[in-house]
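Novice: Heads up: the protein sequence lines correspond to chains A and B, in order.
In terms of our numbering, the first sequence opens at residue 453 and continues consecutively.
In terms of our numbering, the second sequence opens at residue -11 and continues consecutively.
No lab work stands behind these hints, which were simulated from the structure alone.
From the three backbone atoms N, C-alpha and C, an ideal C-beta is built for every residue, glycine too.
Certain hints may be false.
From the structure, some residues in chain B lie toward chain A, with a derived Cβ separation under 7 Å [claimed, not checked]:
#1 ALA75
#2 LEU77
#3 ALA96
#4 ARG97
#5 TYR101
#6 PRO103
#7 PHE112
#8 PRO113
#9 VAL114
#10 THR115
#11 MET122
#12 TYR125
#13 SER126
#14 GLN158
Cross-link-like lysine to any residue pairs, in silico, SDA-like; alpha carbons within 20 Å at most [said to hold, decoys possible]:
#15 LYS41(B) x ARG537(A)
#16 LYS41(B) x LEU540(A)
#17 LYS41(B) x ARG541(A)
#18 LYS41(B) x THR538(A)
#19 LYS41(B) x ARG536(A)
#20 LYS41(B) x ARG539(A)
For reference, the chains in residue letters:
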Amino acid sequence: MDLLLGPLEHAFFVRALLAAAIVGTVCAVVGTYVVLRGLAFIGDAISHAAFPGVVIGFLLKIPFLLGAGVAAVGTALAIGFVSRRTRLRTDTTIGVLFAGTFALGVFLFSTIQGYVADLFSFLFGYLLSTSAEDLLALAILGGLVLTTVAALWKELLYATFDPLGAAASGLRVDWLESLFLGLVALTIVISLQAVGIILVVAMLVTPAATAQLLAVRFGRMMAIAVAVGIGSAVAGLYLSFWLDAASGATIVLVMTALFLAAFALGPRTGLLARRRSVPA
Amino acid sequence: MLRTMEPFDPHDHPHAHPDERRLATVEPGLHAGHARAHADVWLSDVSAGYGDKLALESINLAVEAGTLLAVVGPNGAGKSTLLKLLAGLIRPWTGRVEVLGHPAGQQARRVAYVPQAELVDWAFPVTVEDVVMMGRYSALGRLRRPGTADRRAVKEALARVSMADHAGTQIGSLSGGQRRRVFLARALAAEPDLFLLDEPVTGVDATTQEDLMDLLEAEARRGKTVIATTHDLACAAQRFQRVAAINRTLIAHGPSSLVLDPEVLARTYGGHLLVLGGQAVVLDDAHHHDEAAGGEPHFHEGGAQDHGSALPPRRRSP
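One chain only, chain A, in its complex shape:
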């Protein structure tokens, strides 16, 4: 029991726990759409693109979230713009912009003297140093994302499942698409703190992917994703505390373990299910 309650005596651990739970929830909700739309690569691109924003924000002494947010949303829109204007496939455009923006971040970063110590925390998260202000910003922005998804629940579902049918029935699918990319960018930016640029895509994709292995209904899939997201965020944080390991990486490892477990034991795709159905 002490093992579970002990860390809660530290205020920083409680803040980290709350931050991890919020990030786990928001990422799982948005990630459900990301996975079903096949946008995992865009998520990865947006997270890397946030890096130069963070560095520029530091140079200009503006808040971290603002710099990262502008860079992430800007890149999301640029991907759409370049893809529409050229004959290049979207994944090609993403590949170009994603590496380019990340390189810009590294370049700018390398020119800053005496800032090197923080590089690791940007790339891999710094959950345990979450401040009260960070937590408040996280709660507000996370709440904004969740409220938007709740308000546009059926429109987002229809546009994700059948964009042509949805557009023909009068839904503004193009508008929803831009709004959704904005939500993805916002989700990524608020999650950077927890797991960092490199691993944020796992927060988005892994819980939803795990849920898709287990659920046949959209609402159920999202609920399972949220459970996996929160569960692995909390469990991962405790594990990292006990083992004195990097928190972001531990969370992602727990998620990955859950995904593999669902894959092995799942009702339809699972290895056991397949074995069971053969001898019949």
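Since the structure of chain A is provided, determine the placement of chain B on it from the hints.
Specialist: Below, chain B without anything else, positioned relative to chain A:
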């Protein structure tokens, strides 16, 4: 096996003279303005395409309310493009498209569009009931959740397509024919005035085809307009009142018995049509759907998923 039409004998035809036949495919005696006023769908000198590729050219077409119209033509002829124009999904490069008396897209709530089966992600975690409920979304408006009336409409639509027992089934575990039934139910649940159906009877068994056509016929009798693309000329001839044959341009439009004659079909299908001993035979592969627009996702599944398809694979030679 090849798809065949009813045995055809030109001497039996009511309009045996070739020139008369060609005339009969033109809208008889309708002034353009008159046609427009009475039409649910009206296209005037419309050209459209994707990127810089022209798909449809100079299309003039008026479809009256209550019509059951089949759009036929070879792969890449622009059949799907025509439906997308009417659904307001793409804009014409030139010309005007009016649907239900307004520019295309403006009466979206009165229009139900069903895409080709290949454009649907069948692994998506939705049940049959969920999909049909989507037909109710546009009438619901923002922020409103489906209510009793919507659930009743979904139930009725599922009963009409004989899928009431499958309401809770994930769509991926349905047969090809059942999938088309579900999407027609979604269109029915929307209670539209215009149905736009892309390949509604492709890859379905004979029973399903008959059932779906019976439903569409009933809708047309109630004054609804049904426009469906199809590769199945026998179905077009037997079950549709009117046919529009297109191959980039509109080759012919009129009563199905007049449009579906060897001369028009030869012009529509070019080298892909064979007339053998009075039977018109189309040498196309219906499962090779029209070339998709850029960026459109396609979902192909491995394995024999289409349990509903009774048609054996088509070959190029008999």
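Novice: All the hints need checking, so say for each whether the structure fits it.
Specialist: Status of the hints after comparison with the structure:
Here the hint on ALA75(B) is kept, as its CB sits about 4 Å from the closest CB of chain A, short of 7 Å. Look at LEU77(B): its Cβ gets to within about 6 Å of chain A, closer than 7 Å, so that hint holds up. Below 7 Å, beta-carbon pairs count as interface contacts, and ALA96(B) has one with chain A at about 3 Å; its hint therefore holds. Hint status for ARG97(B) relative to chain A: holds, with the closest Cβ pair at about 5 Å, below 7 Å.
A cut of 7 Å between beta carbons decides the hint on TYR101(B): the least distance to chain A is about 3 Å, and the hint holds. Below 7 Å, beta-carbon pairs count as interface contacts, and PRO103(B) has one with chain A at about 5 Å; its hint therefore holds. With its C-beta approaching chain A no nearer than about 5 Å, PHE112(B) sits inside the 7 Å limit, and its interface hint holds. Residue-level restraint check for PRO113(B) holds (minimum Cβ-Cβ distance to chain A is 5 Å; threshold 7 Å).
A hinted interface residue such as VAL114(B) counts as satisfied when its beta carbon comes closer than 7 Å to some beta carbon of chain A; here the least separation is about 6 Å, so the hint holds. Satisfaction of the interface hint for THR115(B) is found here, the shortest Cβ-Cβ separation to chain A being roughly 6 Å, below the 7 Å cut-off. For MET122(B), the shortest C-beta to C-beta distance to chain A is roughly 5 Å, which falls under 7 Å, so the interface hint holds. Checking TYR125(B) against chain A by beta carbon gives a least distance of about 5 Å; that is within 7 Å, so the hint holds.
Look at SER126(B): its Cβ gets to within about 4 Å of chain A, closer than 7 Å, so that hint holds up. Taking 7 Å as the C-beta contact cut-off toward chain A, the hint placing GLN158(B) at the interface holds, the least distance being around 4 Å. Taking the CA atoms of LYS41(B) and ARG537(A), the gap is near 15 Å; set against the 20 Å cutoff, the hint holds. Between LYS41(B) and LEU540(A) the alpha-carbon distance is near 16 Å, which keeps this suggested pair within the 20 Å criterion.
Distance restraint check for LYS41(B) and ARG541(A): the Cα-Cα separation of roughly 17 Å lies within the 20 Å cut-off, and the hinted pair is therefore satisfied. Of the supplied pair hints, the one linking LYS41(B) and THR538(A) holds, its CA atoms being roughly 14 Å apart against a limit of 20 Å. A hinted pair counts as satisfied when its Cα atoms are at most 20 Å apart, and LYS41(B) with ARG536(A) qualifies at roughly 15 Å. Note on LYS41(B) and ARG539(A): the hinted pairing holds, with a Cα-Cα distance of about 13 Å set against a maximum of 20 Å.
Checked against the numbered hints above, the structure breaks none of them.
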